[in-house]
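The primary structure of each chain is shown beneath.
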Amino acid sequence: MFELLGISPQALFGQLLIGLINGSFYAMLSLGLAVIFGLLNIINFTHGAQYMMGAFCAWFLLEYSGLGYWWALLVAPIVVGLTGVIIERLFLKHLYKLDHLYGLLLTFGIALIVEGLFRNKFGSSGQPYRIPGELLGGQNLGFMFLPNYRAWVVVASVVVCLATWYVIERTKLGSYLRAATENPSLVQAFGINVPRMITITYGFGVALAAFAGVLAAPIYQVSPQMGSNLIIVVFAVVVIGGMGSILGSIVTGFGLGVIEGLTKVFYPEASNTVIFVVMGIVLLIKPAGLFGRAH
Amino acid sequence: MKITRSLMLAAVVALTAGTAQAQLTNGEIKIGVMNDMSGLYADLGGPGSVVAAQLAAEDYAAAGGKTKISIIGGDHQNKPDVGSSLARQWYDADGVDVIVDVPTSSVALAINQVAAEKNKVFLVSGAATSDLTGKACTPNTIHWTYDTWMLANGTGKAIVQSGGDSWFFLTADYAFGHALEADTSAVVKANGGKVLGAVRHPLNTADFSSFLLQAQASKAKIIGLANAGGDTINAIKQSSEFGVVQGGQNLAGLLVFLSDVNSLGLKTAQGLILTETWYWDMNDNNRAFTKRFAAKNGGKYPTMAHAGVYSSLSHYFKAVDALKADGDGKVVVAKMKEMPTDDPLFGKGVVRKDGRKIHPAYLFEVKKPEESKYPYDYYKLKATIPADQAFRPLNEGGCPLVSG
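As given, the protein sequences belong to chains A and B, one line each in that order.
For the record, in the first sequence the residue sitting at position 295 is 454 according to this note's numbering, with numbers rising by one throughout.
For the record, in the second sequence the residue sitting at position 333 is 357 according to this note's numbering, with numbers rising by one throughout.
What the hints contain is simulated information worked out from the structure, not anything from laboratory work.
Quick caveat: nothing in here was measured; it's all calculated off a predicted structure.
Each hint should be verified, as a subset may be incorrect.
To be verified - Here are the computed distance ranges between Cβ atoms for each label pair:
id : chain 1 : residue 1 : chain 2 : residue 2 : range
1  : A       : Tyr426    : B       : Lys218    : 46 to 52 Å
2  : A       : Ser167    : B       : Ser109    : 43 to 49 Å
3  : B       : Ser109    : A       : Gly268    : 24 to 30 Å
4  : A       : Leu264    : B       : Pro364    : 53 to 59 Å
To be verified - Cross-link-like lysine to any residue pairs, in silico, SDA-like; alpha carbons within 20 Å at most:
id : chain 1 : residue 1 : chain 2 : residue 2
5  : B       : Lys142    : B       : Gln113
6  : B       : Lys54     : B       : Lys103
7  : B       : Lys245    : A       : Phe304
8  : B       : Lys243    : A       : Phe425
9  : A       : Lys280    : B       : Lys245
10 : B       : Lys103    : A       : Ser387
11 : B       : Lys243    : A       : Gln169
12 : A       : Lys280    : B       : Ala318
13 : B       : Lys103    : A       : Phe172
14 : B       : Lys54     : B       : Ala85
15 : B       : Lys291    : A       : Tyr308
16 : A       : Lys331    : A       : Leu406
17 : B       : Lys391    : A       : Pro287
18 : B       : Lys243    : A       : Asp258
19 : B       : Lys103    : A       : Thr432
20 : B       : Lys291    : A       : Gly297
21 : B       : Lys291    : A       : Gly296
22 : B       : Lys245    : B       : Gly187
23 : A       : Lys280    : B       : Asp99
24 : B       : Lys243    : A       : Phe304
25 : B       : Lys243    : A       : Leu171
26 : B       : Lys291    : A       : Pro291
27 : B       : Lys243    : A       : Lys280
28 : B       : Lys392    : A       : Lys280
29 : B       : Lys103    : A       : Gly297
30 : B       : Lys291    : A       : Phe172
31 : B       : Lys392    : A       : Arg289
32 : A       : Lys280    : B       : Gly289
33 : B       : Lys181    : B       : Asn215
34 : A       : Lys280    : B       : Lys103
35 : B       : Lys291    : A       : Gly227
36 : B       : Lys391    : A       : Arg289
37 : B       : Lys291    : B       : Lys392
38 : B       : Lys291    : A       : Pro287
39 : A       : Lys280    : B       : Lys320
40 : B       : Lys243    : A       : Leu305
The beta carbon of each residue, even a glycine, is placed where N, CA and C say it ideally should be.
All chains, please: the whole structure from these sequences, using the hints.
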């Protein structure tokens with residue numbers, strides 16, 4: 160059967176694995192977006208820029224203070240998450256009662272400013288960032304050579320995604336968050352500090368983006384464009400999965416990574432556009448997204 | 025009487041209108057520097073090309089040039105439609121006389137048409153496709169710095185002759201990638217090698233893992249990268265991750281600029297073979313230019329595309345001075361082809377009938393980290409290809425200006 164498709168089974172499994180790896184970036188980024196949209200009703204266009212800031216933060220740490228990759232995984236999300244908190248406190252909190260569009264415009268504008276500043280300083284070719292020593296090399300799986308680092312990326316993103324889903328859907332803190340966004344005044348009446356929950360949620364979503372950025376730094380160049388290249392695809396993933404659904408964005412992220420990987424084998428020229436074709440089809444059939452709830 | 029006076033006035037106006045054509049349009053030379061200012065090709069051209077144009081204007085004035093020169097920059101975003109509407113606006117409404125640089129071959133081909141239509145001048149430094157001096161040649165365009173034929177016969181030939189006789193291409197899916205793949209395949213086959221396959225990736229691809237997997241599966245000795253800028257950087261970086269070299273294959277970077285090597289770092293880029301026509305550290309003139317350029321460009325050193333902008337404009341100024349006019353593009357370009365070139369960066373050379381500027385090409389190898397003694401000390405010279413062999417022979421291009 161594989162011969163009919165014109166490709167050997169080894170090559171196919173290799174591409175599927177690559178698709179999973181790319182899917183893990185889509186899953187993590189769309190998870191951050193889904194958390195922010197699902198709980199705060201903000202369409203966070205700054206997500207791509209925050210992903211880029213995470214990668215640059217990792218590069219700064221290595222370049223100027225010698226702190227390596229493992230420190231960056233911890234520090235970069237915190238630092239970038241704090242900038243997210245500042246943005247939320249200064250700008251976003253005024254927009255919650257308004258139409259979605261204002262949040263989109265504001266975050267889009269911030270994204271343009273941030274990327275412009277970085278590009279002005281660093282140019283567009285990007286900075287090199289080495290894979291940490293412990294993760295160099297790879298395993299020869301027979302059907303392909305799997306770099307250790309890429310395997311680590313899949314593991315790390317599955318763990319982070321599942322942990323986030325668990326916290327939001329299964330713990331008390333998560334239930335407070337979900338209640339606070341459904342009915343803030345009632346929850347506030349119970350004595351829970353709703354504005355602070357919202358700020359923390361935004362900061363957490365941003366930290367997820369920065370974590371993905373640190374994971375991406377050794378694979379892709381740390382460049383000011385890295386976010387804008389990815390963010391449109393991630394938005395498509397979130398729309399397909401359903402704008403508010405946490406599980407939906409994780410599953411769709413991995414799934415679309417695999418679809419994109421298969422397209423690269425059979426018709427690589429279309430690999431940029433296949434996700435948007437899928438989005439078009441899903442929107443026609445089920446406008447709320449595969450896992451979404453109609454608002 | 026009234027009628028006679030108006031007849032006299034008409035006669036005077038007619039006479040002066042005739043002489044007006046021997047003046048400069050708007051009393052000055054206006055240069056439009058168009059390239060990718062913010063995307064994957066922004067470091068090989070970008071704002072640096074505007075700096076190079078400014079240095080050319082400064083040197084012209086310092087040498088006693090009297091004509092006023094103004095320079096504007098524009099971003100074509102690697103899109104032919106954006107590029108050609110900007111070119112039309114510049115040529116028609118903004119009084120631009122000459123457009124320079126324009127990397128991204130698809131945009132260059134579009135502006136090539138616009139310049140011919142409006143009878144203005146187009147001096148290409150950044151773009152690669154050899155079609156600009158082949159089937160798409162016009163009397164208004166000069167292709168300056170390099171082209172795909174030269175790259176194929178420089179890097180491609182050197183690698184095949186040193187044993188790399190089976191190739192698999194990773195090609196950027198637009199005019200430039202196709203041209204480079206076609207020219208290099210021809211060279212590989214002509215030197216006894218085989219092309220085992222190719223995969224076309226979209227322009228500005230971040231992740232090459234899937235394409236590299238296909239290249240590894242082909243078992244070709246050489247993986248030819250028919251792409252540039254950010255695409256080449258990503259492909260090279262990720263191939264070291266996927267153990268391409270350990271697996272016994274080698275990469276051929278068919279178009280690599282100084283800015284790409286700077287971005288990759290010597291640890292990743294060492295050993296890469298590439299062909300360029302200008303390198304900052306080759307002689308004192310180049311080094312002096314580099315110092316002035318870096319001071320205006322945030323410390324970044326010039327690539328061959330930047331040097332080409334400077335060189336093509338220096339020659340353009342000489343031609344306009346000799347003609348004392350810049351309104352007629354065909355006439356200016358004809359003058360540029362008639363006069364031999366001589367500038368501090370490329371030395372003595374000539375512009376051929378098909379619009380191809382001729383100068384030597386240099387085969388470089390990227391140094392190992394321990395061999396690099398100072399910033400941007402990246403290349404060692406492996407071979408010089410003399411000017412008469414570096415570019416495609418005049419009669420092989422299919423340019424209508426040559427045969428017609």
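Against the structure, the hints:
no.	hint	verdict
1	A:Tyr426 <-> B:Lys218: 46 to 52 Å	violated (25 Å)
2	A:Ser167 <-> B:Ser109: 43 to 49 Å	holds (47 Å)
3	B:Ser109 <-> A:Gly268: 24 to 30 Å	holds (25 Å)
4	A:Leu264 <-> B:Pro364: 53 to 59 Å	holds (57 Å)
5	B:Lys142 <-> B:Gln113	holds (11 Å)
6	B:Lys54 <-> B:Lys103	violated (23 Å)
7	B:Lys245 <-> A:Phe304	holds (17 Å)
8	B:Lys243 <-> A:Phe425	holds (19 Å)
9	A:Lys280 <-> B:Lys245	violated (39 Å)
10	B:Lys103 <-> A:Ser387	holds (17 Å)
11	B:Lys243 <-> A:Gln169	holds (14 Å)
12	A:Lys280 <-> B:Ala318	holds (14 Å)
13	B:Lys103 <-> A:Phe172	violated (36 Å)
14	B:Lys54 <-> B:Ala85	holds (15 Å)
15	B:Lys291 <-> A:Tyr308	holds (18 Å)
16	A:Lys331 <-> A:Leu406	holds (18 Å)
17	B:Lys391 <-> A:Pro287	holds (17 Å)
18	B:Lys243 <-> A:Asp258	violated (56 Å)
19	B:Lys103 <-> A:Thr432	holds (17 Å)
20	B:Lys291 <-> A:Gly297	holds (19 Å)
21	B:Lys291 <-> A:Gly296	holds (16 Å)
22	B:Lys245 <-> B:Gly187	holds (9 Å)
23	A:Lys280 <-> B:Asp99	holds (18 Å)
24	B:Lys243 <-> A:Phe304	holds (13 Å)
25	B:Lys243 <-> A:Leu171	holds (16 Å)
26	B:Lys291 <-> A:Pro291	holds (14 Å)
27	B:Lys243 <-> A:Lys280	violated (41 Å)
28	B:Lys392 <-> A:Lys280	violated (27 Å)
29	B:Lys103 <-> A:Gly297	violated (39 Å)
30	B:Lys291 <-> A:Phe172	violated (31 Å)
31	B:Lys392 <-> A:Arg289	holds (17 Å)
32	A:Lys280 <-> B:Gly289	holds (18 Å)
33	B:Lys181 <-> B:Asn215	holds (7 Å)
34	A:Lys280 <-> B:Lys103	violated (25 Å)
35	B:Lys291 <-> A:Gly227	holds (18 Å)
36	B:Lys391 <-> A:Arg289	holds (19 Å)
37	B:Lys291 <-> B:Lys392	holds (7 Å)
38	B:Lys291 <-> A:Pro287	holds (10 Å)
39	A:Lys280 <-> B:Lys320	holds (14 Å)
40	B:Lys243 <-> A:Leu305	holds (17 Å)
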